[in-house]
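Here the structure of chain H is known, so what remains is to put chain L in place on it, guided by the hints.
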Amino acid sequence: MSENNKDDFRIKTRKWLEKNCPMSMRGKTDDIKELFWGGENTSFTSEDQKKWFEAMYHKGWIAPQWEQKYGGGGLSILENKILLQEMSRLKCKQPLISFGISMLGPALLKFGNENQKDKYLNEITNGKIRWAQGYSEPNAGSDLAGLQCKAEDKGDHYLINGSKIWTSYGDMGDWIFCLVRTDFEVKKQMGISFLLIDMKSEGVMTRAIKLISGKSPFTETFFDNVKVPKENLVGELNKGWTIAKYLLTHERQMIGGMGGDDEKFNPREIALESFDLKDGILPNPILRNELSEYEMDDKIFSMTIERAIDEAKAGNESGAASSLFKYYGTELNQQRMELIMSLTGSSELIMDSEKNKNGYIAAKFLRSKGNTIEGGTSEVQLNIISKNILGLPTK
Amino acid sequence: MALVLNEEQQLLKESVKDFLDNKAPVSALRKLRDENISDYDDTLWSEMIEMGLTSLTINEEFGGLEFGYVALGQVLEQTGRNLSVSPMISTVLMSTTFINVLGNVFQKNKYLPEIAKGNIKICLAHQETSHFNIKDINTKLKVDGDSYVLNGEKHFVIDAGISDYIIVLAKFETESNYIGVILRSNSDGIKINISRLLDDRKVGDITFKNVKIEKESVIEINDFKLLERVFDISSIGLSCEMLGVSLEAFDKTLAYLKDRQQFGVTIGTFQALQHRAAKMFIELELCKSVVIKGLKAIDSDLSNLNEIASLAKAKLGRTIKLITNEAIQMHGGIGMTDDIDIGFYIKRARVLQQTLGDYNYHLTRYAEISGY
Chain H
0 MSENNKDDFR IKTRKWLEKN CPMSMRGKTD DIKELFWGGE NTSFTSEDQK
50 KWFEAMYHKG WIAPQWEQKY GGGGLSILEN KILLQEMSRL KCKQPLISFG
100 ISMLGPALLK FGNENQKDKY LNEITNGKIR WAQGYSEPNA GSDLAGLQCK
150 AEDKGDHYLI NGSKIWTSYG DMGDWIFCLV RTDFEVKKQM GISFLLIDMK
200 SEGVMTRAIK LISGKSPFTE TFFDNVKVPK ENLVGELNKG WTIAKYLLTH
250 ERQMIGGMGG DDEKFNPREI ALESFDLKDG ILPNPILRNE LSEYEMDDKI
300 FSMTIERAID EAKAGNESGA ASSLFKYYGT ELNQQRMELI MSLTGSSELI
350 MDSEKNKNGY IAAKFLRSKG NTIEGGTSEV QLNIISKNIL GLPTK
Chain L
0 MALVLNEEQQ LLKESVKDFL DNKAPVSALR KLRDENISDY DDTLWSEMIE
50 MGLTSLTINE EFGGLEFGYV ALGQVLEQTG RNLSVSPMIS TVLMSTTFIN
100 VLGNVFQKNK YLPEIAKGNI KICLAHQETS HFNIKDINTK LKVDGDSYVL
150 NGEKHFVIDA GISDYIIVLA KFETESNYIG VILRSNSDGI KINISRLLDD
200 RKVGDITFKN VKIEKESVIE INDFKLLERV FDISSIGLSC EMLGVSLEAF
250 DKTLAYLKDR QQFGVTIGTF QALQHRAAKM FIELELCKSV VIKGLKAIDS
300 DLSNLNEIAS LAKAKLGRTI KLITNEAIQM HGGIGMTDDI DIGFYIKRAR
350 VLQQTLGDYN YHLTRYAEIS GY
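Each protein sequence line maps, in turn, to chains H and L. Count the first sequence with numbering that gives the first Met the number 0 and you get residues 0 to 394, in order. Count the second sequence with numbering that gives the first Met the number 0 and you get residues 0 to 371, in order.
In short, the hints are calculated from the structure, not lab data. Some hints here could point you the wrong way.
As the list claims (entries may be wrong) - List time: in silico DSS-like cross-link candidates among lysine-lysine, alpha-carbon distance up to 30 angstroms:
| id | chain 1 | residue 1 | chain 2 | residue 2 |
| --- | --- | --- | --- | --- |
| 1 | L | Lys320 | H | Lys363 |
| 2 | H | Lys368 | L | Lys278 |
| 3 | H | Lys186 | H | Lys363 |
| 4 | L | Lys134 | L | Lys257 |
| 5 | H | Lys386 | L | Lys278 |
| 6 | L | Lys320 | H | Lys386 |
Just chain H, same shape as in the assembly:
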């Protein structure tokens, strides 16, 4: 893309967004639950939200880089980057939040057959189907490959029995993509398959899990003699682990990048609101040190993301980067929330006052503890780095 074409695309995009993004669909989002998630169990919360989604859908910008036949926009990496920059400049809200776009889509595009791509990708982009993820099980957390939820071959269908845990918004999902055991006799990674399951099928049940933050963003999902057509298998039988690893890479990048640019939770601003400076210096030297140390690591982490993008553009991609970002991004986010709790003192411990949105920060603080567990614990990421990048022996 030449510089001229780039500028041209940017100007056109900016104009289009300015015209089509309603004012109420711009600005900060306090809670991602306010956004449109699609699916049969959700509806638009406002006329503007509907207008914004439909405009973006018809433009192909719900999944800008997917091919147009799947409801995408066929944009190049660079065009997509410009679009994202322009959206963030106008503070446009995301028109659709979807695990279908961020997780299942990439898996189908890489491993699915033509029928599956035609059928499922379009229903993701048009917001009809909301997807949930079924990976972890009560006894398969860090040891994900040890999963036991089984799919038996019954001739024209698979019969599913078992359960999944930590399904994000499982109670709101229409379909779920699952890792299931299809062979118990082989090495555990070699007997896993990737299956698409309609959550309206008989025998599927969900139960909400209440977290320490008081919120319930996850469910447990039970499968009791659930019949699934054989055509719902993605990729080859017993090759699901490859797809799982591919998707986990996406998930890690997503979790690692969470919360980093949330202006509201800028510890420096909170420090300056909470304390009066003495001769231009924060009065508590230990807090000042903690803050500057956090900022040092945060700024250099951002530079590292910037460098990884530049390296990728120059063709020097390193596959292990996702573990690094997942590990460091989540540890940093926890450090930030701890720092904010220190800086705000007792004021954010109050849970029933409108003044602090009923303990909004405390809830975020508690939620951040999950960041170093979900999507592979910090310890699992360090294992991956030591084995795959550093080449340290396992035996």
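Below, chain L alone, put in the same frame as chain H:
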């Protein structure tokens, strides 16, 4: 401003690596120390000059290659990996930068071509106490007829014993403005006392007693920000060397983890060591980012160079300490012996940490710059 090297810079990095791996490995430093005849290897220095390493940051109009600081940074990273001893830090990084940023056309014409050709070595005398602090300067220049006289004391001057010229950071007796004074190191009234450092390199304490200074030798510094720029650039340059030291100490340690057998297994199989190694790897990746950001910020003239420089020197200071400590610990008893090279790395590290301000200095400065 992409945070990657271009082809030219990548080539330079590789050729300098080959060259130093060959000509100036750690065994060369060991030899310098044990023989204790000279402060550095003159043959090596001549070859470095021939390769153009003294002229990387000097503009073409003054006889330089004008490759910029990204290029110089690649060289310093390699001298860090090999612990190569040469006047690169004193002459090419600090003094050349001082003249690049603050010198007038006359001074640039006089000194830069000579540095580029390798005809002169210059050291920078700024520090007056045991800690880096350019805000507290007591070396004074006094008017004396048509010229001046200089009085004061400087400490921890890198390469003071081998330099042809000294740049002295001073103030006029009656003014608060800073000035630089550039003078021959054998001028009357200069006394240099050489010491050997922890890392087997040499520094000097210099006393100036009524040293006569000509007007043309005075470098006027009208803007304190420009003086800071000299030290910010130098801090980023040192961070490059610190990155090289850290990377090599880590590589050596990783190789040892894969080799050493205890309890009937390779010690690298122990998760207690694996996770620490993985964390060091992550810290090093962050260090690479802030270092390349710093180098690019110099060449692209970014306005927040002071912030980036302090972030770099602080981060590298903390990481080099972590890595050299872990290097010794993970090597175990053998790491405490002079027989293997790892000890040279922790010794160089501690000197680099203190040079131009350590972790505490730069993190505090970062907080000040950030307005808290």
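Hints versus structure:
1. Lys320(L) <-> Lys363(H): Violated - the C-alpha atoms of Lys363(H) and Lys320(L) are around 34 angstroms apart, more than 30 angstroms.
2. Lys368(H) <-> Lys278(L): holds (19 angstroms)
3. Lys186(H) <-> Lys363(H): violated (40 angstroms)
4. Lys134(L) <-> Lys257(L): Judged against 30 angstroms, a Cα distance of about 48 angstroms means the pair is violated.
5. Lys386(H) <-> Lys278(L): holds (13 angstroms)
6. Lys320(L) <-> Lys386(H): holds (25 angstroms)
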